[in-house]
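Those sequence lines, one after another, are chains H and E.
According to our numbering, the first sequence is numbered sequentially starting from 1.
According to our numbering, the second sequence is numbered sequentially starting from 173.
Because the hints were derived from the structure by calculation, they are not lab data.
Hints may contain errors.
[Stated by the list, open to error] Using 20 Å as the maximum straight-line C-alpha spacing, the simulated EDC-like pairs for lysine to aspartate or glutamate come out as follows:
#1 E:K318 x H:D119
#2 E:K541 x E:D650
#3 E:K318 x E:D358
#4 E:K541 x E:D531
#5 E:K318 x H:E164
Because the structure is a prediction, the values reported are computed rather than measured.
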Amino acid sequence: MEGFGPSFAFWVLAALTLVAAGGVMVSRNLLHAVLFLILTFIGVAGFFVLLSADFIAMAQVIIYVGAIAVLVLFAVLLTPRSGRDNGETRWALPGILLAVCLAAIFLFVVHDTAWNTVDEAPAGLDARALGTALLTTWVVPFEIASVLLTAALVGAIMLTRSPEEEAEDALV
Amino acid sequence: MNGIDVLGPQISVLVAAGVVLVVDALFPGQRRLLPFLALAGLLTAALWTTSWVGRGDYQTVFDGTIVLDRYAVFFQYVFAGVTATVILASIDWVNREGRRQSEYYALVLTVCAGLMLLAGARDLITIFIALELSSIPQYILAGWGKDAKSSEAGLKYLLLGAVASSLLLYGMALLYGVTGTTILPDIAAAIEANGESYRALLIVAMTLLIAGFGFKMAVVPFQMWVPDVYQGAPTPVAAFLSVGSKAAAFAVAIRVFFEALGADFLSSDWSMIFAVIAAVSMTLGNLMAIVQSDIKRMLGYSSIAQAGNFLVGLAAISVAGEEFTLGASGILLFVAAYAFTNLGAFVAVIAISQRINSDRIADYAGMWKTSPFLALGLAFCLVSLTGIPPTVGFWAKLYIFNAAVRADLVWLVIVGVLNSVVSAYYYLGVVRVMFLGEPGTEQRFRASPSIAVALTATAAGVLVFGIVPAPLMSAARDAVEIFAR
């Protein structure tokens, strides 16, 4: 990543993502937190673009911003308001201290490490290559992910059924 | 076709899960059949695994992401046996609940498929997905009961599990970032080549991996969820959690730490971390278990202490050669022994709590007079958990402590032996209450057939392998041979 343009874009995106992620944590209104979350997702998608992973950037926007964030928004809007006063926890100060210590460790380690960097993106990093990898080497995790989604779906249906439906079901 | 063959057991278990769901939807009157369909799927998986045993040792499929070796075979047997016992022990509870029957068995089978996949996974992505496949249905199962406590258990387990998964994933991402591969042996090769130059990063990644696996193992300081989840979750699910996911976490931890992070300049670090966690887990788990009055909470804390015992073995495998085989096979022996023993204890607890509608240890008074079979089975398993001969628990502890002595971890062995003495106090306390206490009612009761089969099988395992431990030991030794160098 050479030159002024990409570096500038990187720092802007990094600032945007970090501020938005911080906003998710500190905003008192759940709806604002979700909107900040969407901004974080967009920032991450920007990183993928910088890394020349266009397809993943697009998938990030479509899936996270388009589907997951909307789902979270619906869940927030449809859930009755409940107590949101867990912000006044007495663990806030230890939490901040821990976060600062962890950030210091990670900064040191990331700075200390000689990363394998390349000047430009390797060729063939497109959707076709991703699809080939997913259906050859990684076919098992790929297929297992669909089993996992099915199991989660079954569980979600079961856990949210009303007692009346369950009573009917038990009689059959 | 080779890949399908290697994944046969997992596929047959998942097919059984699908069949259970479809049969329930098409023939709602035939619900009594469902557990037997599930058991048939597990039997198919076990037979498929058996068909490999004579067929040469070592093959990788899907470009090295999945491996079939004796280690995977050993754990697939353990997981099939554990799941079969859990299903047998669940039948009464599920029938009494009268609802969501097929879904319960289908999710239990899905967990089993995830555990089996973990046994053979040799690549970080496959490991992560398999771990999630075995975790997410367990979060659901923990919240399966009707009461608020069960919902609390499910939610707590889900939230903390998500945090643990994210830590694990972060560690994996860092490992991938410096080595450029997710396949375990390739990671080891990359570290061997120039790992010293990014040692600090490797240690951070390793710590994150330990945190992620430690949550599944339920060791201190990642144990906060254990008592509440064990108490709130339906008892058969708690039994499954305490044996299945714990064994799987150790299975995958041995593979990752030895196959990927086995370099000498790293292994001394993780060995030390594991030794400290082992000592703290044993001590804290046992001290907390003493003061519990609820038997499920007591078993929860005792499972933390037992996980500390497993970790003694993991701390001892950092050395190469003969000592490695001893430590690693010691863990496998301990996994098998613990599986028999803890499941047996839970099966007895399931039967008793259904009858007396209480999980308080004080209410177990005089169980010997009202139900001698259950009292004897439970007492036997508790004796084995303590590690007293002639039970398999004794050999497991002996083996693992022996490995630790050979690896110069004498202080850890002293902590472990002292802890065994402490654990005898509360394990045998339950036995004392059952045999010497006066029962509240003189009415005798018998265990149902499925419980009787499950308890007899586990107790027989505890006794037979306690008297003749050699077959189990040699199976454990063969299983870890592929890691020796």
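Verification of the hints:
1. E:K318 x H:D119: 58 Å, violated
2. E:K541 x E:D650: Violated, at roughly 44 Å.
3. E:K318 x E:D358: Given that 20 Å is the threshold and the Cα spacing comes to 48 Å, the pair is violated.
4. E:K541 x E:D531: Holds, because 18 Å separates the two Cα atoms, which is no more than 20 Å.
5. E:K318 x H:E164: 13 Å, holds
Going down the numbered hints, you'll see the structure goes against 1, 2 and 3, while the others check out.
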